[in-house]
Structure formats: structure tokens, C-alpha cells
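Enquirer: Please model the complete structure; the sequences and the hints are all you need to start from.
Keeping their order, the protein sequence lines are chains Z and H.
So the first sequence is numbered by numbering that gives the first Met the number 0: it starts at 0 and just counts up by one.
So the second sequence is numbered by numbering that gives the first Met the number 0: it starts at 0 and just counts up by one.
Please note that the accuracy of each hint is not assured.
Said to hold, decoys possible - Below, a sample of chain Z positions facing chain H; criterion: calculated Cβ distance under 10 Å: (1) Arg39; (2) Ala52; (3) Val65; (4) Thr172; (5) Gly191; (6) Val201; (7) Thr203; (8) Leu211; (9) Pro254; (10) Leu276; (11) Tyr296; (12) Tyr299; (13) Phe317; (14) Asp321; (15) Lys323; (16) Phe327.
To be verified - Just the calculated beta-carbon pair ranges, DEER-fashion: (17) Pro278(Z) / Thr24(H): 24 to 34 Å; (18) Thr24(H) / Asn371(Z): 45 to 55 Å; (19) Ala40(H) / Asn63(Z): 22 to 32 Å; (20) Pro27(H) / Leu147(Z): 39 to 49 Å.
Claimed, not checked - A few chain Z positions that, by computed beta-carbon distances, are all more than 10 Å from chain H: (21) Tyr71; (22) Thr92; (23) Gly136; (24) Gly207; (25) Ser227; (26) Ser229; (27) Gly274; (28) Phe350; (29) Ala381.
Derived from the structure by calculation, the hints contain no laboratory data.
Cβ coordinates follow ideal geometry from the N, Cα and C atoms, glycine included.
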Amino acid sequence: MARATTRTLCALGVLALLTATSPAAADEASGTWTGDVELRMNYYWETSTRVVAPEVRVRLHTPNGVQVDASYLLDAITSASIAAGVQEDIRFTEVRNQGALGVSTELDLGEAQLRLGTSGRISLEPDYLATGITAYGALSLNQRSTVLGASFTYIHDDVGAVVRGGAARVDDTGRDLSDRGRQGQLEGFSAGINVSQVLSPVATLVFGYQVLHNWGYLQNAYRRVPVSGSGLVPEIHPTQRTRNTLHGRLAYFIPETQTAVHLLYRAYIDDWEVGALTPEVRIYQMIGPSALIRLRYRYYDQVESFFAQPMFDGTERFLTADQKMSNFHSHLFGAQLRVGLDFLRRTPLSFLDRAWLDFSVNYWVQTSGFGNGILSQVGLRAPF
Amino acid sequence: MIEKPSLVLALCLASLPIALAGCVTIAPYDREYLASPAMSAELEEGESEFQGHVFDSREGATGGHGSTGGGCGCN
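Expert: This is the structure:
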């Protein structure tokens, strides 16, 4: 686990150094650092789960044209979750720390511009370590009307298990006995391509394809499956999974009413025979120059995996109690208010006069066993 | 509930924009409306990442929002 983390950090450091020493970009003459800071509080609620996740994101543009992105997220699950495999009413709090760092720079090729970048991510919780490193590039053409992008990500996760809930388990020496040790590891890579095209002075289109291949420990370390005559037994999932996603976003602006309509679409299929369609519509309404209301509706419809079934008799090769393997659909309704803070210009808080504050609430109706949920976020994004 | 053959059709339809996009060039001075906050998906990156994480932990599908198939013990 530690070796994998060290390898990831070393690779990221080398790539960061290479990128930072690349040719300078346009704002070198100013000699100033610019960027923005974003503070965000995320909240998710459903019958058996409550998640509070504060995060901070920083983007820096250096005078020599390098862009640096860094983020940190603290993810606190404050109650039991069906997804965590809890079979009884155990309340527990589990904390996940996630950090990410990325660097990129743009090379001027004359009539085209090429942005190259890399990023790394580490997520750590008591029973799970996730690492990932990404390399990406974006070629801008036609006065940036067309952008062709490609990315490649490698991930390595170490899956553990701990005893959850109840009193702390320690031996006579005070040693923590709750750690059940490493259960397995999950490896994977994803490759994606995307195209961003300005269609007209009021319309843009983005579409792409992503393939993701995982191998290793793909079940949940806690979930138990009811099997006739055997009681509850651990999940057994296939050890490989290849997932394909096509996605797109068409945005259209109506100048007369200062309204924008975004249509999003995703089609997904994998070799576990899970398939899903996800259409979404978002409507944005400007209210003056400094306020924006967004309404959204997202529909999700999924067909089950080839090994999902309501009951198992013990003769099956694969066993699952994962709600995500079943047939279900969901509706998400959301609203967001985004306000520019330019009214702070003549106050002691004038350093925030270019910032935007957003607040959103989404209500999620799900026919899966997870039940309905509420997803709410508050964010402050301040450029400097 | 969707049928699996319809997914194949959906994948084909979703790939149509590749043929439609072409190589249109819109000059920077013609992009006033595209600069509106209402047209910027970049402003939503921060909120989209956490939402993608929630969707990944509750849905069988993934992708299209930057996720990479690993990331936490909530699978």
C-alpha cells in the first residue's frame, strides 16, 4: 500500500517538474500569479446514510503559463449505509480524506494550442486506500472553436475491512483489533477521448467516449448475500469488468431572454450486462448580470447485471447483494441559485467582489433499495 | 425499463454528433453569449465532482463526469 502511494507521488512529482519547466505562456509579461479558490460544503442524506463533505479547491496560473490544481476533501459518513453492507442498525462515523494535485501547461503551436497535463489523487479511509494518476492532453483548433481531448488514468486501490460499530475492540495491551486486514486489491485503467465544438455564437457541443477496465477485488468487503440453506455468505463478483460510456452535452443560449438550455446525455454498457441511459436537461436563467437560477431534471434507467437475482441457492458462480446490480430507475430534480458578490465592492469584504456564491438542492427519487435522497451543496468561488 | 437492444441504438445515436460537429470556426469576438455564466460548464466542476461520486456509489453506470472506477470503499 505504502509502496504504491510512494510510486504514484514520485511519478506525479517527475511529471510536475517536467511540466513546470516547459516553455512559457502568454501572461509571462505581467509576472503575476492568478487563480481562484473554491470552498464547498457537500451534504447527502438518505434513509440510512448521511454524508458531510467539506472541500477546498485551488487553481493557480503561474507567470510562466503553468496551471496548478489542488484539492482536499474530507468525507464524513455519519451513519450506517446499506452500501457498506451493514445488516443491522449500527451507527458509525467513518472519515475519508482525499487529496488531488495536478499541473498542466499550454504549448503554442502557431494556429493550434496543445495543453498537456497530469494529475494524481489519493483517497484514504480506515478500510480503503485509492490512488490514481492521470495524463491528459487537449488540442485547440480553429481559434479554439474545436478542442480535441484525450486522457489516460491508472488506478490502484487497496481494499481492507474493519469491525464497525459498537465499543472499540482492543486487546490487553491496547492494540486495536478492529482492523481485519487487507481483503484484496483493485486495479484499473481508463482511457477517454472527447471533442468540444463551438457550433454557433450561441451553441456549443461536447461529446466523448470513455472505456474503463477494472480487475481484482470488485465486490464489497462487508456485504453478505442470503443463500438458501447457508445463511449469509460473502459476495462473489467477477474479477474483471470492462465499462463503456458515451456522453454528450449540447448547450444553447437564447439572448432575448438570457436563458440557456443544456441537454446532457449518457449511454453506458459493460460486460456484466449492466446498461444504463441518463438523459438530463438543465435550464439556466440569468437575473441581471450577477445572479443565475438553474433548474435541472435527470433521469436514470438501468438494466441488471447477468448475475443479479432476488434469491440464491448456492449453486451460482457469482453472488451479489449489491443494489447497483439490479434493475431500477431514478429521477433527480434540482434547483440552484448562483449569486455574484459584486455588491461587496465598497465594503470591508471587497476582496470578495469578484466571487460567486452558489447554493443547490437536489431531490432524488430512486426505486433501488437505497431509497430517496437529498443532495445539497453550498460553494464560494473567489478569483484572485 | 429499457431493453438491452435499445442500448445499442442509443450508443449509435449518441455517436451521431461526431459526424455533425464538423469544423466550424467562431471568432472570439462572436462569443459574447458563450461567455455567459449560464453557458459555462467549467463553473460547475466543483459541484459536479462530488455529485459524480454520489452517483457512482448508487448507480451501476459510471463515466462521463471524470470518474475512474475506483476511489472509495462505498462500492
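Enquirer: Any hints from earlier that this structure breaks? Give me their numbers in increasing order, please.
Expert: Failing hints, ascending: 3, 4, 11, 13, 20, 24 and 27.
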